[in-house]
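S.K.: First to last, the protein sequences are chains L and Y. Using my numbering, read the first sequence as starting at 1 and increasing by one per residue. Using my numbering, read the second sequence as starting at 1 and increasing by one per residue.
Everything labelled a hint here was simulated from the structure, so no lab data went into it.
Note: identical chains are not told apart, hence a pair may lie in one copy or across any two.
Below, in silico cross-link-like pairs of lysine-lysine (DSS-like), each with a Cα-Cα straight-line distance of 25 angstroms or less:
(1) 216 to 231
(2) 230 to 216
(3) 92 to 230
(4) 264 to 230
(5) 231 to 242
(6) 170 to 84
Now for the letters of each chain:
Number of protein chains: 2
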Amino acid sequence: MNRKDFFKTSLAAAAAVTLGPSVLTACAGRKAADTGARCNVSLQGGKALGETYTEKLDYCESLGVTGFEPGGWELVNQYDDLAKALEGRSVKVSAICAGFEGFILADEPVQKAAFDTSMRRIVEAAGAIGSTGVIMVPAFSRQTPCKPNNQETYDYLCEQLHELGEFAVKCGTTVILEPLNRAECFYLRLVSAAAAICRDAGSEGVKCMGDFWHMKEETSDYAALMSAGKKYLQHIHIASRKNRCTPGEDGEADNYVDGFRALKEIGYDKYISLECGSIGDPAVVIPAAVELIKTQWSQA
Amino acid sequence: MNRKDFFKTSLAAAAAVTLGPSVLTACAGRKAADTGARCNVSLQGGKALGETYTEKLDYCESLGVTGFEPGGWELVNQYDDLAKALEGRSVKVSAICAGFEGFILADEPVQKAAFDTSMRRIVEAAGAIGSTGVIMVPAFSRQTPCKPNNQETYDYLCEQLHELGEFAVKCGTTVILEPLNRAECFYLRLVSAAAAICRDAGSEGVKCMGDFWHMKEETSDYAALMSAGKKYLQHIHIASRKNRCTPGEDGEADNYVDGFRALKEIGYDKYISLECGSIGDPAVVIPAAVELIKTQWSQA
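Okay, chain L solo, but in the shape it has when bound (with noise of 0.2 angstroms):
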C-alpha cells in the first residue's frame, strides 16, 4: 500500500471509531451541501436613514442591507413613490408591516370587514411590489370585543386565513402571522402556534415569523424557529434583547447566535428586518447592528 492509499484508509478508519453514525453523515453532508440559508438584512422604514425613499434605499445599499420594510397604508398610499425608487436596484422590498384596519379575530362585523378590505389592498400592493408578505396579527390585546379563545375561534380563524392566504397567493405574496409577547398580545405568542396555525390553515399563502424581542416568550430560540421550518418562516425581526432598540446596543444580551443556528439549518433565505428604536447616534448603531447581525450569522 502506498503512502496515499494508506492515508486514505487511515483517515477513513479514524473518522469511522472516533465519530458516531449520524454525525459521519452530517459531515459528509456538510461537505456537500449548503442549506441554501443566506443572511439578508432589511431595515424598517424609519431605520433607513433619509428623507426619501431614494436617500433610504441608497442608505440600505451603503451598508450591504438588501431588504427594506414599509408600512402597509405607506405602501399603499405612496406606491407610486417607492415603486420608482426601487427600480433597477440591489435592494428590495422584505416584508409589509401590518397597516390594516380592524383585525381579523374581531366579534364585529364592522371592524372585521374593515380588517378584509383593508388587508387585501395592502397583499395587492405587497404582491405588486414583490414583497415576501404582509405581517399580521390575528388580535392585539387591546383589541376588542374579540372573538373567544376556544376550538371554534381556533377553526374559524384557520378558514378565515386560509381564504386569506388563497388571495395572497394570488397576488403573488404571502400573510404573516407574528406572535408577540403577552403584553401587546395573548392569543399568540409562540412561534410553534404560529407554525402550526400556517399547518391547520392549508394554504402556501399562510405563513408565519419570529421577532427576536418576543421571542423571549419562547424557551428556547432555536426550538421556536425549527419548528416553523423552512416551509413556513417568511420573516424575522430583530431588536436589542432587553429594551428593545437597536441590535448591540443590550451589549452581551445581545445573542441571536442560537437562532441563527435553526434558520441556517433549515436553509432560511429570506430576510432579517430591525424593527427597533435606538438610544444611541443611528448613524453609528445601525451599521454597528448590521455588523452584528453578519458577525454572528458567521459564527451560528
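The hints should help you fit chain Y onto chain L, whose structure is shown.
M.R.: Leaving out everything else, chain Y in the frame of chain L:
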C-alpha cells in the same frame, strides 16, 4: 516528518478544509461527550401483562423494561401492595398517570378544592414510591365551568402550579404538564407552550412532557421536545401514530426517530412509557414495541 506525523497533520488539515467550524466542534464533542441520554422504556399498568403487581413487574423485567406507570388513584389505594412488589427490583415506578378529581382551572370552588386535595394525596404517594412525577392536564375540554382562556387565567395557573410544584419538591417528586390534542384539550396542545408554563411557574417541581400521540398537534417532534429541553422534559408517552395502538401496529407511520434525536441531544434520561391500546395480541405486540423503541433510539 514521519508517516505518523504526516497522517495526523493531513487528517486535521483535511477535516479543517472540508468541514465548517460548528461541525468540527460537533465531531470533537461527539468523540468526547455522551449527553447522558438513556432509553428507559416504561409500561402503563394495563400494558404490563399479569394479574398482580408481582406478575406485572416480572413481565416488565422479562422485557428489559425498567419503568412502571400506575394511575394516581390506584397508587393511593394500593400503595402497600405496589411498594412491596417493587422491593429489590430493577424496575421502578416511572410517572404517575393523573387520577386526581376536579381540575386546576375549575371556575367553581368545589371542583378546584377537589383537585387541590386529591392531587396532593397522589403527589405525596408519588414522592414516597420514588416516582419521577404526577401527570396532569390544566383542563380537559369537557371540564366545566373552566376559567376563561386569557392572561389573567394564565397568571393564575402559573401561581397555582408554583405552589403545587413546591409541595411536590418537598415530597421528592414533580408535577408533569401534559399537552393533549384538540379533541381532548384546547387549553394546552403544544409542548413549547407547556415548557413556557414551566418557566413561568418558577418551581423545580413543575415539569412537562410530550406524548407522541398528542404530538400530532406539533409541526416538528424534534423542535417540540427541544423546546422543553433537559430542564423541563420529565416524561414521554408513546403510542402508534395513526390509531393510538401499540407502537409498530401502524406500520411505517410509527416513526419516532426525529423525536428521539431531540431526546438524545438534550440528554433525556427519564422514561418513554407506553400509553396505548393494542389491536394484535398484546403478548406479541408489546415486546415488539419495546424492540422498535430501542431500535429507533439507536438510529436517532
